[in-house]
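The listed protein sequences derive, respectively, from chains A and B.
Note that full-length UniProt numbering has the first sequence beginning at 1, numbered continuously upward.
Note that full-length UniProt numbering has the second sequence beginning at 1, numbered continuously upward.
Note that these hints are calculated values from the structure, not bench results.
Every clue listed holds true.
Each pair of labels, with its calculated beta carbon distance range:
no., chain 1, residue 1, chain 2, residue 2, range
1, B, I145, A, G13, 31 to 39 Å
2, B, A108, A, K111, 29 to 37 Å
3, A, D203, B, V28, 40 to 48 Å
4, A, G443, B, R262, 47 to 55 Å
5, B, P117, A, T286, 39 to 47 Å
6, A, K104, B, I13, 49 to 57 Å
7, B, R262, A, A17, 16 to 24 Å
8, B, V28, A, A80, 29 to 37 Å
9, B, K100, A, E129, 52 to 60 Å
10, B, T9, A, M9, 27 to 35 Å
11, A, A17, B, L142, 31 to 39 Å
12, B, S22, A, I403, 49 to 57 Å
13, B, P117, A, E129, 30 to 38 Å
14, B, P117, A, K111, 22 to 30 Å
Straight line, CA to CA, 27 Å or less: simulated DSSO-like cross-link-like pairs of lysine-lysine:
no., chain 1, residue 1, chain 2, residue 2
15, A, K111, B, K67
16, A, K104, B, K126
17, A, K365, B, K50
18, A, K104, B, K220
19, A, K336, B, K220
On a predicted model such as this, the values are computed, not experimentally measured, just so you know.
We treat Cβ as the ideally placed atom computed from N, Cα and C, and that holds for glycine.
For reference, the chains in residue letters:
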Amino acid sequence: MKKSSLKRMFTGGMAVAMAVTMLGCGKNADSSASNTAKSKSGTKNSSTSAKSDDAKAEKDGDGPLVIWTQGNSIKEDAEAWGAANGVDVDVVVIPFADLQTKLKQQITDPKTAPDVYAITKDYVKDWVERGVNLDLSEEFPDDAKNYIDNTYKDLVALGSDDKGDLQAVTAEYPVGMMYYNREIAKNILGTDDPDEVGKALSDVDQWPDLYEKINDAYSGKVKMFGTTQNLNKMLSNRREKPYVKDDVFTVTKDMANIFEINKQIYDDKMFLTEKEDDAYFSGWNTDAFFVDFLPSWGYSSKFKPQVDGKEGAGKWGMTTPPYAYNRGGTYFFITKTTSHKNNAWDLVKGISVDTQKLVDVQKGKDGFASTKEANKILVDSGYEEPLLGNQKVFEEYQKQAAIQEKLPTDVVTKYDGDIESFMNDAVINYANGSMSLDDAIKGLGTQVQSAYPELTVKYNY
Amino acid sequence: MRIKPVKKTVMYIFLIALAIISFFPFYVMIINATRSTGDILSGFSLIPGKSIADNFGEMQSRVDVLKAFRNSLVVALSSTALTCYFSAMTAYGLTAYDFKLKNTAFTAILVIMMIPPQLSVIGFFKFMKGMNLLNSFIPLILPSIASATTVFFIKQYAETALSRSIIESARIDGAGEFKIFNKMALPILAPAIFTMGINSFVTSWNNYLVPLILLSDTKKFTLPLVIRIFNADTQDPSVGAMYLCIAISIVPVMIVFFLFSRYIIDGIGAGGEKE
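My request is simple: use the sequences and hints to build the entire structure.
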């Protein structure tokens, strides 16, 4: 058969296969939640909280309620809410790396700005201070007060401006935990009890001795930590002062201490990988490391996909980390330019404040809700997680939340996301021997200065 | 010329190795489309998985792949057609005619080629916003009319393939300039046009940055934006579904390449023959 005929046959075959696949891919318009009737002013909704008289009187405009987020779970929740309430909801999922840029370009123009947007914790302060958001304390005072009274204070503080007015709400409390391998714990510490394991790792100065025992027992095949990235996310929360105050970024002794801790870890080769890569993910099933640090949402996104149905199932436990840390979480803002104020607030409340909704969502993914009322229901359920050796996971979160809530709330600034990213690079450069401590720290200062020319950099380490 | 058996064997081994290396990434992509997210993140495998149905369901629940596919097809085909036709016209004009500032115009085209497209994105966004053309395909398609790289390539080809004597004889026979271009120049320039057409189609099909900046309406999203959505959620990534969507998205590119690849070879060879 001629070559050109073969080529044509192959091309035709591919085209037919693609057409069949596309027919299967086509979404049924009737099943799509976003194709419901357009939003109408004064649409009935599932809100149970009272609104102020002014908010009720102000009717919503026409057109869909537009939400920008990087989270697919938010898309599902928002579309389900829209379908249940007869509101046309258009959720735009934008990758994290691009969301900031797109928002900054379009947030102030009513024609292009979304009605609601969801931002991760690292950038919440930046957006709170931009003055582009609806003041929830002013627009919905009763609901805002309910949220403030019922929610953990560090979450409220992060979503509030300098005057204490609420601008953003969140659905989850990202409690920072430490996962440990039970068999290694029994072998090295003689117990896999969460409290005992937590105590054994509570002192940074004891880590080298503990690692020596692990090394001797496993001939170097088991590392102490899964990743330095997750370790440093925990260590960086130790600070008692903000990175930046009065436009001055100061490199403190605490920050320099993180460099030294990492140097020791690198010198002794105490970690498996720097970042979450193939070796790290497979390590959950191959006893490759002893502990790793993941927040409550890490259970469903990182831990469970790796161990469910595999060798690691039931071999891990969860306990208090050496230092309490708050990592991640998504906050919802309503833009000032929105013409769907009421529906926007009802949506945000429906997916982030409504108690039963919080319980249902967090129960499904072994997470922890933002409100104490929802968490009490989760804890009282007495649920035992088989993948964690039948540990009462919500109880563990509750214990840690009580510690974490006491962390100082005024240490978070809008610069934190970028500063921690720069610091991570500088720490690696020093720890792996590429740079001296002074050069690495000066490099950090230079990067911060370049990113934020308005800041002054000081060194006090 | 006869090639010795040993040399032939070595050549074949080398070519087979090159073919395997070239095809390997596609093979891994197809394999990953059948594996779960957890399996993909935890390691590499050459053996197909059992999660293709789950990935398919996940893909359908997260994005409207068919709509995005249609959007990409509309944008890519339209912009390719415009690029090919108008760039050929420009190249023909620079080759067939002598006029003042001809060299200046060509130099300007060369300079524009050097400018990275990322530099003009923000200004382009503000321009389109001012013209109320956000969330529209027009700014994705119309600017393709002016493609400096395509003009440059076709002009280089036209200088060797297009003879002025043919154009003169057509004029003598009474053909108008537009007719000469459409009936005579375009068929002669076909190899170069198809070569740059494939390139233009692939570039437009894979374009991520400009649609990201200009489009916020999910119904207008193109395939690259939709593919990126799978990995957007750091708390709930869907890598398996992403690979499946990528596998689907490259099929049109492969079809275009298989249909028109002989023109690339013709285009490369034609300029080397002496009359």
